[in-house]
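Asker: Residue numbers (full-length UniProt numbering), protein chains in the order written: chain A, 1 to 462; chain B, 1 to 462.
Any given hint might turn out to be false.
[What the hints assert, rightly or not] With a straight-line Cα cutoff of 20 angstroms, these simulated SDA-like cross-link-like pairs (lysine to any residue) come out:
{"hint": "1", "chain 1": "B", "residue 1": "232", "chain 2": "A", "residue 2": "64"}
{"hint": "2", "chain 1": "B", "residue 1": "232", "chain 2": "A", "residue 2": "69"}
{"hint": "3", "chain 1": "B", "residue 1": "232", "chain 2": "A", "residue 2": "58"}
[To be verified] Here chain A is said to cover these stretches of chain B; the calculated rule only asks that three of the stretch's residues, wherever they fall, bring their Cβ under 8 angstroms from a Cβ of chain A:
{"hint": "4", "region": "100-114"}
{"hint": "5", "region": "420-432"}
No wet-lab data here; the hints were simulated from the structure.
A virtual CB, placed ideally from N, CA and C, is assigned to each residue, including glycine.
There are 2 protein chains.
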Amino acid sequence: MVRTSSHAALLAAIATLPFTATMATATPQQGSGVAWDIVEGLTTEIGPRIAGSDAEARARAWAESKLKALGFSNVKIEPFRTNAWQRGPEHARLTAPYPQPLAITALGFSVPTPAGGLKAEMVYFPTLAALEAVPDGSLKGKIAFVDHAMRRTQDGSGYGPYGNVRRKGPSIASQKGAAGIVIRSAGTDSNRDPHTGSTVWAKGVTPIPAGAVSNPDADLIARIAERQAAGKAGPMQIDMTLLGKPFPSAPSGNVVAELPGRDPSLPIVLAACHLDSWDLGTGAIDDASGCGIITAAALAAQKGGKPLRTIRVLWSGNEEMGMGDGGGAHYAEVHGKEPHAVAMESDFGADRVWQVKNNFAPADKALADKIDAALWPMGIVPHRGPVEGGADVSAIIRQQNLAVVDLGQDGTHYFDLHHTPDDTLDKVDPAALQQNVDAWTKVFQVIANEPGKIAKGVNGED
Amino acid sequence: MVRTSSHAALLAAIATLPFTATMATATPQQGSGVAWDIVEGLTTEIGPRIAGSDAEARARAWAESKLKALGFSNVKIEPFRTNAWQRGPEHARLTAPYPQPLAITALGFSVPTPAGGLKAEMVYFPTLAALEAVPDGSLKGKIAFVDHAMRRTQDGSGYGPYGNVRRKGPSIASQKGAAGIVIRSAGTDSNRDPHTGSTVWAKGVTPIPAGAVSNPDADLIARIAERQAAGKAGPMQIDMTLLGKPFPSAPSGNVVAELPGRDPSLPIVLAACHLDSWDLGTGAIDDASGCGIITAAALAAQKGGKPLRTIRVLWSGNEEMGMGDGGGAHYAEVHGKEPHAVAMESDFGADRVWQVKNNFAPADKALADKIDAALWPMGIVPHRGPVEGGADVSAIIRQQNLAVVDLGQDGTHYFDLHHTPDDTLDKVDPAALQQNVDAWTKVFQVIANEPGKIAKGVNGED
């Protein structure tokens, strides 16, 4: 609509509003404190920082300077070279049966289409299983479209199975002979902002161009497929241009920093986040928030007196495209011989912590009880399932068979934003961010003051 | 995060889901009925249909065929030539003090930047009034950024004053000597999807490139401006490419159709919507929904027996860029001599009707009371303020001094989607759409059966 009535009096009133009242969507509750400063600073002064980029290098320098200013010791940038991928121009449209543009983005490790676009028939598969069911070679010259039904869950657990459409779908499509693949984004929002993320090429498979469309675009494709199935529309034709390409041996690096404990001979407590982000958004929830949370909590844990053990923070490089070759692997290479007690990671946004898990040995039940008791007053409940750890600590956990504590965050809204342009500062609720810091602080206060050995249970999983 | 646990059992369960259970965001409550069919059909089979485009022409053919199939008489495409504008490639980034990409879109009637981009210092203004306050010529070589504070309101009334940043801001910036202007989108969402819309060049003003950034990008710019004001950051530099350009004398057209009344000598009831849409979304709420609502209601009003008066629907061309030269003006030219009784428009999305207004003469109080009484049971309240009419009926209203009935819709969420890529079918709630149809049906049943003259009150406003 065009509504042109002038509302002169209201306009005049608006004109007199002071500066701070005029920011339409500035976070209503302004944040403060160390965690907020880190998230605000990284998103404002650096922004997107995909692994291998100049921006990721600037982020490392920013992190080093910030951690020093906050009073951390042994602040170091630990460079490494890694597997990465660089986005190029990207766009797509249906050319038949109904010409329509599509909101598309390439998946990490997609190979490029021809510069002038890849034009082909697009075949609809309602699920990954449906794609798997067709004979090898049967999609020659065609583009596969794979739909699915990711739903929001409080613990984010839908990302495992539905994310497989992104992780495995492209390899399966290639095995079927497809010239390319388009998937419904692994996301729970309804914006026209598709979700990127890495795909994993299975051994021996020829990489093909691979993209994701937004949920509303996938809905459109599904509606057209229904018309096709009912004989009311002809085949879909797509013209897609995805010029992103793999970028092997890209420069990346970890940033590590410590708050030394009273007894340097005791194995350390390791807390990780990742500094790199996908390139579409500014990495506010994934994962500047994680870096803000662990760093603010490590500092806050000093307030009642310096803890017994050293707390080390790892702001990892190239988590998103690391695939076993990123910051976590490099950390284990460099620090694998140093004794660690426990490893933890914050990499699930800034929503509230609601559950705590550990994989301690039965002998450490008293320690687990202390953690649970510290968190109960915050309404955080103990859960006894397998722990997750995180991509940046999994190598050192494996190498040293480490104990893990997971602070499980509310993931209801995480996949609305994850790997999209919408991952920006305004999505971080400062109160929820601070609740994370408070929970991590309590855990640090317990485990960094534990004098005895902290062992992983034989049945613990990571 | 990368969460790789495989959840094999869940995956297996998903693989067996039937087709219809696998569409992640397909409207949970599937729509049905004439209004839904129109919105679903236009958005699926046509999609974006900016005035002057081939898609708008295909939409006219689609409309003609649909209205004939629905049983309308005198279905006609009435072509005209109009003022329009064509989008080109567009992108922008801050190059200083912090290099970051910006989510930007050109405003309608922007002139193009150089193909290689316009690079300039960007100066922050918290309000349109602050921009107006600087001396003419003082922004020579610079780009103005205008922030503002649009808030969501139930009646959408914020669009008048805040929309002026888009309508008038570019002309004011040009008067100040600016080489270009960027505004905060006139929108209430926090997606990285900026809102387009037409700007209006004031007489004698030199058009300049004009774009809008999304709310999160405007938040970023405001945070940088705060650092700048505090002496913590240098000036902002932007590199923006907006290649859209005016497209004078573009082909457009109206589609008109009638359901003849029992007494063809009586002045007709005119109900309008617009068929064109902005190019970024698929025009589901703006304004396929309006066309669905008026058309379904005109048909439903026949069910209790053919009404006395003819109901004519106008699916207007080029509402969005018409600026007094679009479908509404052309309709008044072609049909200005035919007697009209009342004009109405539906062009505010698909959310529920909550108020009714009219500008009837005091002598028609009984008719107004009948309409109010018909709507009370639906919880729709009479309101006595000035009526709006709508852009597609304003010319005929002015020309014939027509009576108007407004059915006011809930606008709380309208400006989350308005003029963005997110204006897609999934945003239409079929139940709310049907509530609109029901309200319009009741109004048609009253006014199309009114035998006497229906006059505009002397104090009525349109």
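Asker: Next step is simple, just say for each hint if it's right about the structure.
Answerer: Now the hints, each set against the structure:
no.	hint	in the structure
1	B:232 to A:64	19 angstroms, holds
2	B:232 to A:69	16 angstroms, holds
3	B:232 to A:58	18 angstroms, holds
4	100-114	holds (count 3)
5	420-432	holds (count 7)
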